[in-house]
Amino acid sequence: MLEPEWIAGLLGGLMIGTAAALFLLANGRIMGASGIAGDALDGTDRGGRAERLVFLAGLVTVPFLIDRFLIPVVSHLTPNLALIAIAGVLVGLGTRMANGCTSGHGVCGLSRLSLRGAVAVAVFMGSGAATVALFRHVWSVI
Amino acid sequence: MRLVTALIAGGLFGAGLVLSGMTDTRAVIGFLDIFGAWNPTLAFVMGGAILPMALAWRLAARRPCSLSGQAFPTRPNPAITRNLILGSALFGAGWGLVGLCPGPALATSLTGGIPALVFLLAMGGGMLAAIPVRRPAPPTSPVRT
Numbered sequence: 000m001l002e003p004e005w006i007a008g009l010l011g012g013l014m015i016g017t018a019a020a021l022f023l024l025a026n027g028r029i030m031g032a033s034g035i036a037g038d039a040l041d042g043t044d045r046g047g048r049a050e051r052l053v054f055l056a057g058l059v060t061v062p063f064l065i066d067r068f069l070i071p072v073v074s075h076l077t078p079n080l081a082l083i084a085i086a087g088v089l090v091g092l093g094t095r096m097a098n099g100c101t102s103g104h105g106v107c108g109l110s111r112l113s114l115r116g117a118v119a120v121a122v123f124m125g126s127g128a129a130t131v132a133l134f135r136h137v138w139s140v141i
Numbered sequence: 000m001r002l003v004t005a006l007i008a009g010g011l012f013g014a015g016l017v018l019s020g021m022t023d024t025r026a027v028i029g030f031l032d033i034f035g036a037w038n039p040t041l042a043f044v045m046g047g048a049i050l051p052m053a054l055a056w057r058l059a060a061r062r063p064c065s066l067s068g069q070a071f072p073t074r075p076n077p078a079i080t081r082n083l084i085l086g087s088a089l090f091g092a093g094w095g096l097v098g099l100c101p102g103p104a105l106a107t108s109l110t111g112g113i114p115a116l117v118f119l120l121a122m123g124g125g126m127l128a129a130i131p132v133r134r135p136a137p138p139t140s141p142v143r144t
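Order-wise, the sequence lines are chains F and V.
Going by numbering that gives the first Met the number 0, the first sequence opens with residue 0, and the numbers climb by one from there.
Going by numbering that gives the first Met the number 0, the second sequence opens with residue 0, and the numbers climb by one from there.
It is worth saying that the hints were derived from the structure and are not from the lab.
As the structure is a prediction and not an experimental result, all values here were calculated from the model.
Each hint should be verified, as a subset may be incorrect.
[Stated by the list, open to error] Among the chain F residues that face chain V by a calculated CB cut under 10 Å, a handful are:
{"#": "1", "residue": "19"}
{"#": "2", "residue": "32"}
{"#": "3", "residue": "62"}
{"#": "4", "residue": "68"}
{"#": "5", "residue": "72"}
{"#": "6", "residue": "80"}
From the three backbone atoms N, C-alpha and C, an ideal C-beta is built for every residue, glycine too.
Let the hints inform the model, and build the full structure from the sequences given.
Structure, rendered in structure tokens:
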């Protein structure tokens, strides 16, 4: 049987995919969070800075509004700031080196049957699973 | 027009992340925790997201350019580079440690308090640190120099 959270996951996923489809068909751009944020941050984007900033504004404010007026957005993020800082650097560095993250290589790459996307997804999911296995089950840090 | 659709896409992405549970780091770490209480929700999210996007790529293939007139992105250089592998491995490690990838990190930046802001700052630092490692965009198919 389907759990309610799986159904919510599927519906939320459809919304994410629809957002990506809109960004591609209307704006001609790949909806990859690390690419949009990174290009806006380091200025390597060749044009389209305004639409990237507007996209980021929507991405940041809509969850905030949902949290304020509909349902609380609970992230259960660890309070361990050192761990957060290390993880943040790894995520920023890694996604820019690999030119994509879960949305770019995952949603946009896999749906295009991109080999690069599939390889990236396999590597970051494998690495993520190995990290959780080590840090949770071997060292009990997380 | 382009700014309006960009705003809608960003907002819809953020709302989808919240509804799907991907802004909850427990659900994400639960997906990666294959030796613990495995939570498959992320697979449903990814499946749900790929469906409309697969349609969009098919539509895009039949059109000369996007509705705004901006050309569609060309296929990236298909080479599996060292940066792709190493970068994805580093990203996965950070993702597994706290359960945040760039989309949800941005989506929770105003609701997650100090920890969320620390993550965002560190992620920005990591992105800037990647500049020397990133090569200029590889030439795409028909262009030859």
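Status of the hints after comparison with the structure:
Hint status for residue 19/F: holds, given a least beta-carbon distance of 5 Å to chain V, under 10 Å. Satisfaction of the interface hint for residue 32/F is found here, the shortest Cβ-Cβ separation to chain V being roughly 4 Å, below the 10 Å cut-off. Among the interface hints, the one on residue 62/F holds; its C-beta lies about 4 Å from the nearest C-beta in chain V, closer than the 10 Å criterion. Using the Cβ-Cβ criterion of 10 Å, the hint placing residue 68/F at the interface with chain V is not satisfied: the shortest such distance is roughly 12 Å.
Residue-level restraint check for residue 72/F holds (minimum Cβ-Cβ distance to chain V is 5 Å; threshold 10 Å). A distance limit of 10 Å between C-beta atoms decides the matter here; for residue 80/F the minimum to chain V is near 5 Å, and the interface restraint holds.
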